[in-house]
Amino acid sequence: MIHRLLFVLALLTSLPATAQGSLNMLCAPAADWCEAIAAGFQRDTGIRVSMARKSSGEILAQLRAEAQNPRTDIWFGGSAETHLTAAEQGLLQAYASPNMAELQPWAQKVHAMAKGMCVGVSTGAIGLVFNREVLARRNLPVPQSWADLLKPAYRGEIQLPNPNSSGTAYTIIAGLIQLWDEDRAFAYLRELNRNVNAYTRSGAAPVQAVARGETAIAVSFNMETESLVQQGFPVGITYPEEGTSYEVACLSIIRGARNLAQARRFVDWYLTPAAMDIGLKANQYHVPAHRGAAPDPRIPDITRIRLVDYDVATYGEARMRRRILERWDREIGALPR
Amino acid sequence: MRGPIPCWLAALLGTALLPWNMQQDGVTLAGLWAWGAEDAEAASALWQAVAHGRWWFWPVSAALILALPGLRGAAGWQVAAGALGLAAVIGQGLAIGVQGWRWAWLEGAFGPLEDRQFGIGLGGTVTLLGFLFLLTGGLARRGLFRGDRFVAGGVGLLALCILVFTAWPVTTMLAQVLTPREDLPAWAALGERIADRRIWGLGCLAGGGCGVFWNTLLLGISTATAATALGLCFALVVTRTGFPARRALRLLTVLPIITPPFVIGLGLILIFGRSGLVNQAADAWFGLQLGRWIYGFDGMLLAQVFSFTPTAFLVLIGVVEGVSPTMEEASQVLRASRLRGFRTVTLPLMRPGLANAWLVVFVESLADFGNPIILGGSTGVLSTEIFFAVVGAQQDFGRAAALAGVMLALALGAFLLQRAVLGRRSYVSMTGKGDAGIPAPLPPLVRRLCHGVALPWATLTVTVYAMALAGGFVRVWGRDWTPTLSHLLRAFALERTADGRLLFTGGAWSSLATTVELAAIAAPLTALLGLLAAWILSRHRFPGRTALEFAVMLTFAVPGTVIGVAYILTYNIPPLEITGTAVILVACFVFRNLPVGVRTGVAAMSQIDRSLDEAALTLRASTFRVLRTVVLPLLRPAIVTALVYSFVRAMTTVSAAIFLVSAEHEMATVFIINRVINGDYGLAIAYCAVLILLMAGAIALIQLLVGQRRLGRRAPVVAAPVAGRA
Numbered sequence: 152m153i154h155r156l157l158f159v160l161a162l163l164t165s166l167p168a169t170a171q172g173s174l175n176m177l178c179a180p181a182a183d184w185c186e187a188i189a190a191g192f193q194r195d196t197g198i199r200v201s202m203a204r205k206s207s208g209e210i211l212a213q214l215r216a217e218a219q220n221p222r223t224d225i226w227f228g229g230s231a232e233t234h235l236t237a238a239e240q241g242l243l244q245a246y247a248s249p250n251m252a253e254l255q256p257w258a259q260k261v262h263a264m265a266k267g268m269c270v271g272v273s274t275g276a277i278g279l280v281f282n283r284e285v286l287a288r289r290n291l292p293v294p295q296s297w298a299d300l301l302k303p304a305y306r307g308e309i310q311l312p313n314p315n316s317s318g319t320a321y322t323i324i325a326g327l328i329q330l331w332d333e334d335r336a337f338a339y340l341r342e343l344n345r346n347v348n349a350y351t352r353s354g355a356a357p358v359q360a361v362a363r364g365e366t367a368i369a370v371s372f373n374m375e376t377e378s379l380v381q382q383g384f385p386v387g388i389t390y391p392e393e394g395t396s397y398e399v400a401c402l403s404i405i406r407g408a409r410n411l412a413q414a415r416r417f418v419d420w421y422l423t424p425a426a427m428d429i430g431l432k433a434n435q436y437h438v439p440a441h442r443g444a445a446p447d448p449r450i451p452d453i454t455r456i457r458l459v460d461y462d463v464a465t466y467g468e469a470r471m472r473r474r475i476l477e478r479w480d481r482e483i484g485a486l487p488r
Numbered sequence: 005m006r007g008p009i010p011c012w013l014a015a016l017l018g019t020a021l022l023p024w025n026m027q028q029d030g031v032t033l034a035g036l037w038a039w040g041a042e043d044a045e046a047a048s049a050l051w052q053a054v055a056h057g058r059w060w061f062w063p064v065s066a067a068l069i070l071a072l073p074g075l076r077g078a079a080g081w082q083v084a085a086g087a088l089g090l091a092a093v094i095g096q097g098l099a100i101g102v103q104g105w106r107w108a109w110l111e112g113a114f115g116p117l118e119d120r121q122f123g124i125g126l127g128g129t130v131t132l133l134g135f136l137f138l139l140t141g142g143l144a145r146r147g148l149f150r151g152d153r154f155v156a157g158g159v160g161l162l163a164l165c166i167l168v169f170t171a172w173p174v175t176t177m178l179a180q181v182l183t184p185r186e187d188l189p190a191w192a193a194l195g196e197r198i199a200d201r202r203i204w205g206l207g208c209l210a211g212g213g214c215g216v217f218w219n220t221l222l223l224g225i226s227t228a229t230a231a232t233a234l235g236l237c238f239a240l241v242v243t244r245t246g247f248p249a250r251r252a253l254r255l256l257t258v259l260p261i262i263t264p265p266f267v268i269g270l271g272l273i274l275i276f277g278r279s280g281l282v283n284q285a286a287d288a289w290f291g292l293q294l295g296r297w298i299y300g301f302d303g304m305l306l307a308q309v310f311s312f313t314p315t316a317f318l319v320l321i322g323v324v325e326g327v328s329p330t331m332e333e334a335s336q337v338l339r340a341s342r343l344r345g346f347r348t349v350t351l352p353l354m355r356p357g358l359a360n361a362w363l364v365v366f367v368e369s370l371a372d373f374g375n376p377i378i379l380g381g382s383t384g385v386l387s388t389e390i391f392f393a394v395v396g397a398q399q400d401f402g403r404a405a406a407l408a409g410v411m412l413a414l415a416l417g418a419f420l421l422q423r424a425v426l427g428r429r430s431y432v433s434m435t436g437k438g439d440a441g442i443p444a445p446l447p448p449l450v451r452r453l454c455h456g457v458a459l460p461w462a463t464l465t466v467t468v469y470a471m472a473l474a475g476g477f478v479r480v481w482g483r484d485w486t487p488t489l490s491h492l493l494r495a496f497a498l499e500r501t502a503d504g505r506l507l508f509t510g511g512a513w514s515s516l517a518t519t520v521e522l523a524a525i526a527a528p529l530t531a532l533l534g535l536l537a538a539w540i541l542s543r544h545r546f547p548g549r550t551a552l553e554f555a556v557m558l559t560f561a562v563p564g565t566v567i568g569v570a571y572i573l574t575y576n577i578p579p580l581e582i583t584g585t586a587v588i589l590v591a592c593f594v595f596r597n598l599p600v601g602v603r604t605g606v607a608a609m610s611q612i613d614r615s616l617d618e619a620a621l622t623l624r625a626s627t628f629r630v631l632r633t634v635v636l637p638l639l640r641p642a643i644v645t646a647l648v649y650s651f652v653r654a655m656t657t658v659s660a661a662i663f664l665v666s667a668e669h670e671m672a673t674v675f676i677i678n679r680v681i682n683g684d685y686g687l688a689i690a691y692c693a694v695l696i697l698l699m700a701g702a703i704a705l706i707q708l709l710v711g712q713r714r715l716g717r718r719a720p721v722v723a724a725p726v727a728g729r730a
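Just so you know, the sequences run in chain order A and B.
Count along the first sequence from 1, add 151, and you get the number used in our numbering.
Count along the second sequence from 1, add 4, and you get the number used in our numbering.
Treat each hint with caution, since some may be false.
According to the in silico footprint, chain A covers these stretches of chain B (three or more CB under 8 angstroms from chain A) [claimed, not checked]:
hint: 1; stretch: 54 to 62
hint: 2; stretch: 86 to 93
hint: 3; stretch: 570 to 577
hint: 4; stretch: 581 to 590
A few chain A residues facing chain B, derived, Cβ under 7 angstroms [claimed, not checked]:
hint: 5; residue: ALA203
hint: 6; residue: ALA212
hint: 7; residue: GLU217
hint: 8; residue: PRO221
hint: 9; residue: PRO249
hint: 10; residue: GLU253
hint: 11; residue: SER316
hint: 12; residue: ASN346
hint: 13; residue: ARG352
hint: 14; residue: GLN381
hint: 15; residue: GLY383
hint: 16; residue: GLY387
hint: 17; residue: ARG455
hint: 18; residue: TRP479
Honestly, the hints are just simulated from the structure, not real lab data.
Everything numeric in this text was worked out from a predicted model, so none of it was measured.
Glycine included, every Cβ here is placed at the ideal spot set by N, Cα and C.
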């Protein structure tokens, strides 16, 4: 992987400036992946890519601040919900790529829900991430379901992110609400609170804590877990039997983009199997949206995980989000710990 | 050529000849001749008005004509022309943007506008400065600033810079608190954001969680108290005992300045975390489960005390050294025991210094972002809350603005308290008289206490740093401790092509180059502007001086996240359209670090007798010449401090820079944070280690270039660092 990166960078430095124009991209997933995508597009089309990696929250903040005078053409990655929030604020523009037909149904569904403002490019599911060594040392069983997490044996061993700051946490809670109903979901969270040792500010922190044995169990996305496994950490993941929520990562074009033709070309380019396989080469294990993308044993078969029917449009809305966050603050965040 | 003519020529040049607007692809040499340009955006202001129908440049040109009588001695005309010019340049910039009129009421008043304009560029800047100096020169001729044109110009320049780069963005940001929220009108949203239970809640008294305000305040007070006490122990050991490794201890003071954020937090997790060394040892030897206490208030406190004790140490060394031994000797002669002398003479003399150190650490703790984000667990503090209010699931700029307001109030409160408590007393023990005495040795009790506290702590600090930095050179940090250089190679690989060219293939080269370049640009600017401000503030009296001093110190109280968001909000649209360029990063570094330059300069200036300046002035040297030949050479230590601080801070700040980086201008710290977020600690820490080496090198180089000031006195006291660390 190092050599591939070096090769890509060598290419980057040796390519002459071309007349194909340029593209300004903000990119939310791991930096390695972002760099590989930018380099790949540049190689295939001759369009010069200026890419900056930021978290999706930072990207949204930047797009809002730039709204009157956009400098970004394309936004790659980050959950469909943040893209929908941006669309709600009039920051995106619609586009239907001719390559959409070959996408998985969930990717097309997001496109329809967003009224064409964004298209799904990959997905990942929420799972229960655990540290094998810590579980073994404490003689704890591997959790298989949401109900398992309530067992007294796991007291103080579970870590969750705080939905006030983390999009991952919001996805988890919205998933539980759609799995059961709102009151039952909050009753569950209240009960779970006894076993939770911290609600971290960042969504990525609980998985990191599991990897280093700082906590036994975390609730998080599967792709982050697989990257840790590849690094040699003793972590594993199960998917709750009752059903779990998932996230679709999106790709969208910014309203007022200065390089619109290049931006559309990027969307067309990315919705091909070859481009979708780049992630795997950069050690990223997101489930790709294209039906023709190469399968890999490290990428879970999303069809075999029991997923809730996640309604991105309803739960991505700012008003709904605020109401759920306020209820969480009142009923969970305020509990004594 | 003296008098107002050069200023007028500059304004003329900027209006008639140079391209007024910022050029998308930079200015070429040929593009400088912008009179007669076919593209309106590349033309000079006058040509835009003449040939492209942009009537809003006529007032600017009118100001130039108005100035003509002023050039031959009529100061009133000069003032009027300068003021009109400034107003015309700023007014047109604010009124007309990329989408025509900026405000609806202007359209109502003047009718619709078909045209638009981008941000001002070279011509606009030159014109603005020309008019500014016309105005200040005119004011000086009317007798203000004691008729000194140089001082008047300096004050004008400072005021303009502060207004544009501090006051304007901060106001823009704070005004966000009034953005209406979907169902709530502006005033109700304001009320809800300010009187928020999450800020002021006192649930912790009843066993729940407290609001972020109380967390932050308590953390700040605890950190400041502990760090000051520890810093005092260190300072006493270094200056008042015969401890052999004194010089090595002094090196500790450099650590916090050159430490990229996150390093301490990560090191502490490796030692005190649940799977850390201490816990494993306790479990193996005593069967004790120490648990996860490191995550939360205790952990943040520990990390901050580690981070900021050296800062307090740095402040207190100067103070302890400055205590005149004659007084202590006097107490001994009066037969006080050593302990009593220490308690009743030495400690009270250090009181202002202790208060100073305490407040510096308090503000650093407020602004700290790296430690709380790593070790906070469920506990939030203001700096992290602001960050997540902007980028987290809430996406509420208004809430961020409210929190920023609270934080600003807290920091300003600390700043005012410092001024009220200390006033001008902070360095009083440094008199011009000779200090003949030798510092008294510490009383045995105090000496043992200091040794007992300081030495274990120093060992622990070194261990934390070693543990953290080791992470860059082992395979998987905290897991597989096999030594490796692969992380370093990934970041900084070099390859030789077939024809012998060197290829910088490592992933970190481009961000490193940008960082060094921008820091090297920002450092001299900060030092220059800071020392100019220090000289003006400490040597001259003029109306509005206190206001200016306060405004200069304002950025010191504004947390980085706030500045970052404020900058992109403010500078993304005309008149100053610099988002995404290197200019915005440099501006951010210069104005975030300006207070350091000013403080250092003021401290050093107060040690130089004013009669030196006066002697030179009496010999008919111009003000500028006095500054250049008398004051500057005596200020060398202050110049070094200002340069080093601004260079190093520019390389280590994160919270502001993270919003301002763009694809072409990526900063090292942002690169590091992106790796940390992905859990790629190896690469991040290897990069940190390289940065630390680089900064140590830069510090040595600056020392060498600026040189030492030669005085027939003992070593000068290093002034307190005051930058908000974020």
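How the hints compare with the structure:
Judged by the Cβ-Cβ criterion of 8 angstroms, the stretch 54 to 62 of chain B is not covered by chain A as claimed, because only 0 of its residues qualify and three are needed. Counting residues of the stretch 86 to 93 of chain B whose C-beta sits closer than 8 angstroms to any C-beta of chain A gives 0, which falls short of three, so the coverage hint is violated. Counting residues of the stretch 570 to 577 of chain B whose CB lies closer than 8 angstroms to any CB of chain A gives 4, which reaches the minimum of 3, so the coverage claim holds. Evaluation of the coverage hint for the stretch 581 to 590 of chain B: fulfilled, as 3 residues show C-beta separations to chain A shorter than 8 angstroms, against a requirement of three.
Hint on ALA203(A) holds. Least Cβ distance to chain B is approximately 5 angstroms, under the 7 angstroms limit. A least Cβ separation of about 5 angstroms between ALA212(A) and chain B falls short of the 7 angstroms threshold, and the interface hint therefore holds. The beta carbon of GLU217(A) comes within 5 angstroms of a beta carbon in chain B, closer than 7 angstroms, and the hint placing it at the interface holds. The beta carbon of PRO221(A) is not positioned within 7 angstroms of any beta carbon in chain B (closest approach about 9 angstroms), and the interface hint is therefore violated.
Using the Cβ-Cβ criterion of 7 angstroms, the hint placing PRO249(A) at the interface with chain B is not satisfied: the shortest such distance is roughly 28 angstroms. Look at GLU253(A): its Cβ only gets to about 30 angstroms from chain B, farther than 7 angstroms, so that hint breaks. Because the beta carbon of SER316(A) sits about 3 angstroms from the nearest beta carbon in chain B, less than 7 angstroms, this interface hint is met. At its closest, the beta carbon of ASN346(A) sits 13 angstroms from a beta carbon of chain B; the interface hint therefore is violated under the 7 angstroms criterion.
Here the hint on ARG352(A) is kept, as its CB sits about 6 angstroms from the closest CB of chain B, short of 7 angstroms. Interface restraint check: GLN381(A) against chain B, minimum CB-CB distance 11 angstroms, threshold 7 angstroms, status violated. Proximity of GLY383(A) to chain B holds as hinted, the smallest CB-CB distance being about 5 angstroms (cut-off 7 angstroms). For GLY387(A), the suggested interface contact is broken, since its CB lies about 15 angstroms from the closest CB of chain B, more than 7 angstroms.
Below 7 angstroms, beta-carbon pairs count as interface contacts, and ARG455(A) has none with chain B, the closest being about 27 angstroms; its hint is therefore violated. Among the interface hints, the one on TRP479(A) is violated; its C-beta lies about 10 angstroms from the nearest C-beta in chain B, farther than the 7 angstroms criterion.
Hint check: violations occur at hints 1, 2, 8, 9, 10, 12, 14, 16, 17 and 18; the rest are consistent with the structure.
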